[in-house]
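Asker: Each chain is listed here by its residues.
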Amino acid sequence: MSHDDKLIRDLEKKANVVRNNCFDIFGSTQMGHGGGTMSIIELITALYFHHMKFDPKNTDWPERDRLVLSKAHCCEAIYAALVELGVYPKSKLETYYCFGSPFQGHADRWCTPGIDYSGGSLGQGLSFAVGMALAEKLKMADKQANAPQTGFLQRYVVRFDPAYRSYCILGDGECHEGMVWEAAMFAAKYKLDNLIAIVDYNKFSLDGPTNEIMNLEPFIDKWKSFGWWVTEIDGHDMRQIVDALDLTNSLYGDYRPKCIIAHTVKGHGIPSWESDHIHLGRGEVIMKGIKEGREKYADI
Amino acid sequence: MPTYNKHVQIENKPSMAAVGVEKALIAAATKDNRIIAVLEDMGMPGLLWWKKTFPERMIECGIAEQNGAVVAAGLAAEGFIPILNNFLFANVGRAYNQIRQSILVDRFNVKLIGREGAWGETGISHNTVEGIGATRVLPNLVILNPSDAVEAEKAVTAMFQYVGPVLLRQESSPPSMRIFADDMPFDIGKAFSIRDGKDATIISMGYMLTESVKALDILEKDGLDVGLLDMCTLKPLDEEAIIRVAEKTGAIVTAENGSIIGGLGDGVAAVLAENLPTPMVRVGVDDEFSQSGKVTPQIDELKVHFGLRAEDIAFSVKECIAKREKLAKKRK
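Residue numbers (the numbering used here), protein chains in the order written: chain Z, 1 to 300; chain W, 301 to 632.
Hints in this document: simulated from the structure, not taken from any laboratory.
In this text the structure is predicted, and so the values were computed from the model without any measurement.
Even for Gly, the Cβ is constructed at its ideal location relative to N, Cα and C.
Keep in mind that a hint or two might mislead.
So the derived label-pair ranges between C-beta atoms look like this [to be verified]:
#1 Z/L280 <-> W/G362: 29 to 39 angstroms
#2 W/N397 <-> Z/D221: 36 to 46 angstroms
#3 W/A570 <-> Z/L251: 49 to 59 angstroms
#4 Z/G100 <-> W/E421: 47 to 57 angstroms
#5 W/E520 <-> Z/A141: 56 to 66 angstroms
Construct the entire structure; sequences and hints are all you get.
Answerer: Structure below.
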């Protein structure tokens, strides 16, 4: 299970490249969801550059792992990763917010090949990921029912892996939506062990501290009581992220949906954004943060 | 008796849309195993058949319509054709934004069957009238509202042939009478002329076609030659057909079992206002919630209250013709 230090270091470097691409995006419009984007940089990097089955040359690959970004306002992080993966040229970063651009203000599956879910209206992504996970189960059940069952071995073949997994990144604030818990109940009922929810628990929403706005705690117990397997990690520690994701893979077959609660910091790595718990920044605020970030992550 | 289009077969006996929906749905699901029922604890057309034949193609969400709509979107993204059946206020009203954001934005192939209408015993919560107005503004959505069992069967078959989101509005009570012959042509987006007239044209859909046909009888006795156009597809509206009948008769009455605000009446009015301003009367519910109402062979309280009987339509046709005459005089 343990990964060598080189892989972790490489991923951390990649995270910095992704971060710098985000600065390009923010800089082009002097606007952006700086806080929530910075808090998922490491998660997105680990998923796209290490963990998920994803082919940059064939973004519609039927067996690719699905990634539903339920907090779709933080799509800048995915755009930055897609550019680094070569799905889009770097010049596209500047077209963010522009008419006809693949890089829309909120993630849009129709406009942007490589994006699995059009979000923006919060709380819906988990249900969508659940639908995709359920579709995988139904299709595999069909395949197994139709497979020729000739010999002993074929009949007792155990599947070690799903055709694909569904990943869903949720914000902590959107867990105030009742619909998230409808989806949680549903996922447990249909035993969707091919579904992994990752909560970006950065503790801040637009109006203030998430748990002051509406208390989510005991958060882990909530997910557990809904029938989920849950783990807690530091969402900025690459080794912990990679290990947790691997663990969800190895637990496949336990009939439980998985939830990774990633403790993060809103605006992570950018001192002025961290102290302001920035949500959507404009003008001065964004440019100051970009300057800080570019200095801090310059040597990569 | 007025003369009708050759594909019309009027019989004064009940012909429930629900029967046609169920028949076509079972036929479609038998042929295509991508069709999957997403239930919201509100049953399903052909529920017993599904339970017996296709239990693994029934996904039960419980009373959680918002989750149901988006799970359906996720299934559709992977190639399934989910059906969401419920009262319209629930599967569309309750999950309005979910349908907009997660189904329509990406044109996912989800089929919504929503029951609504101004009357019934169930009262203000279930007798909703705003469904068409609320959904006609949504891009990428096709809206169908069949009347009798024959048309409902054709509409559901067409709904599955069409790739993309469709809302089928189904009024279950009271039943329509039989209007269409088995060989009626049905195309999404094409209005069907039940009868061509000279003096005025009624444009209607769903249950109100039954009242409109009865209105034609009344009007004929009064010596008026009135046409009737079935507008089963509310979106996209068949603008050509609307303009054609308006050109021919110069007086248009719309009749719908729903709110005239945003409904069929508004749709037709907009087409005519832009292309061929024509005197109009809209028969329907005028900015009011419904409630419970008793239905007996002698009286249908809500139909009387909202003015949705054949007599009311006939009166409106005469009113519309008078409007046209008055306008003609003014213009002279």
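Asker: Please list, smallest to largest, the hint numbers that this structure does not respect.
Answerer: 2
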